[in-house]
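Chemist: Residues per chain are reported as follows:
Protein chains: 2
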Amino acid sequence: MRAEIPLARSSLLLNHGPTVLVSSAHQGKTNVMAVAWCMALDYEPPRITAVIEEGSHTRALVEASGELVVNLPTVAQAKQLYAAGRLSGKDVPDKIAKLSLKTSPAKVVGAPLIDGCVGWLECKVVPEARMQEEYDLFILEVVAAWADTALWDGSTFNFTAPEQRTLHHASKGQFFATGEPVRVTKG
Amino acid sequence: MRAEIPLARSSLLLNHGPTVLVSSAHQGKTNVMAVAWCMALDYEPPRITAVIEEGSHTRALVEASGELVVNLPTVAQAKQLYAAGRLSGKDVPDKIAKLSLKTSPAKVVGAPLIDGCVGWLECKVVPEARMQEEYDLFILEVVAAWADTALWDGSTFNFTAPEQRTLHHASKGQFFATGEPVRVTKG
Chain A
1 MRAEIPLARS SLLLNHGPTV LVSSAHQGKT NVMAVAWCMA LDYEPPRITA VIEEGSHTRA
61 LVEASGELVV NLPTVAQAKQ LYAAGRLSGK DVPDKIAKLS LKTSPAKVVG APLIDGCVGW
121 LECKVVPEAR MQEEYDLFIL EVVAAWADTA LWDGSTFNFT APEQRTLHHA SKGQFFATGE
181 PVRVTKG
Chain B
1 MRAEIPLARS SLLLNHGPTV LVSSAHQGKT NVMAVAWCMA LDYEPPRITA VIEEGSHTRA
61 LVEASGELVV NLPTVAQAKQ LYAAGRLSGK DVPDKIAKLS LKTSPAKVVG APLIDGCVGW
121 LECKVVPEAR MQEEYDLFIL EVVAAWADTA LWDGSTFNFT APEQRTLHHA SKGQFFATGE
181 PVRVTKG
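Protein chains in written order, with our numbering: chain A, 1 to 187; chain B, 1 to 187.
Chain A on its own, in the form it takes in the complex (with noise of 0.2 Å):
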């Protein structure tokens, strides 16, 4: 179940680096988007940082609305989300019907949150434009954050079935699974 988690611990749900699916809307328009190069950045404010090539259709989607959705898929998905980054949001009309994705609306912000997916980060833009124009890297704020409370533990994902697990892309169409938790105690 999908359930709001507070947005000082939101950045938590990036710590283990997997890979996202961007989703984005403006003025009627959607899209969605692989990307495996988004990491968090502070606690408080809560921070996140994400690379978005120049010239994508996500680009310009997220650069008009300023606003954006990270989603963490699972392996049940991970034909979606190697399609998402495969395909151009220009070339498909709807790609998110065409994934077969289904959506639900998000709080704060315009785009939406890619249902079965274990966590969602709603973010705004903070204008940084040298860094999005040299580097295609996007400086976010979360303004809502949503975890599946069947796995999420308040500080990190409790993974039991393969399929719920979420993806870390490697190459080319090549993922790893998040795998076996390894706890060290102090000391």
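Simulated from the structure, these hints should not be mistaken for lab results.
Be aware that a few hints might be false.
Unchecked claim - Pairwise CB distance ranges (calculated):
(1) A76(B) to D94(A): 25 to 35 Å
(2) T185(A) to P6(B): 31 to 41 Å
(3) K90(A) to Y43(B): 20 to 30 Å
(4) G28(A) to P162(B): 45 to 55 Å
(5) K90(A) to E4(B): 31 to 41 Å
Note that this is a predicted model, so its numbers are computed, not measured.
Glycine included, C-beta positions come from ideal geometry on N, C-alpha and C.
With chain A held as given, fit chain B onto it using these hints.
Modeler: Leaving out everything else, chain B in the frame of chain A:
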């Protein structure tokens, strides 16, 4: 065996979002720190980005030298990785020795390569003062890169033994090992 890899492929070492050890050196002082917030930024030029907290000993060494090494530790090194994130180089005269880490000289930079890791990115800081001051965010250009050729196939890691897998920090000493490959075929 550690072998040098092409710079244009070096960012691939970070694609799957592992937590890394950042080693640094300046005027005879060396240090090592755990960094979960580190990601690829571009292939050509080979660039990565990392968050290095203000006030940390590593931050001082990196700002003074303009260099660092990003090392990819394994499950076998989880305890040292966690300790590297908890201990401050300000309180421990030689944190690398304290953690019983062995090192080898790098090729281009003064910071050492940490032995037993499976990937290494020698980096120089691309000066972006505002990003460093405002977000603790460093833009880094890779100037030499290495991988354990028993595991790296030129595009990604082929892990076999559990203790050789890379790590992803979740929260407070809980890591995930990099998990099973998930391959998506085109179409």
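Chemist: Now, for every hint given, state plainly whether the structure supports it.
Modeler: Evaluated hints:
1. A76(B) to D94(A): 25 to 35 Å: Roughly 47 Å apart at Cβ, these two residues miss the hinted range, so it is violated.
2. T185(A) to P6(B): 31 to 41 Å: Distance hint for T185(A), P6(B) holds at roughly 40 Å.
3. K90(A) to Y43(B): 20 to 30 Å: 22 Å, holds
4. G28(A) to P162(B): 45 to 55 Å: 49 Å, holds
5. K90(A) to E4(B): 31 to 41 Å: 38 Å, holds
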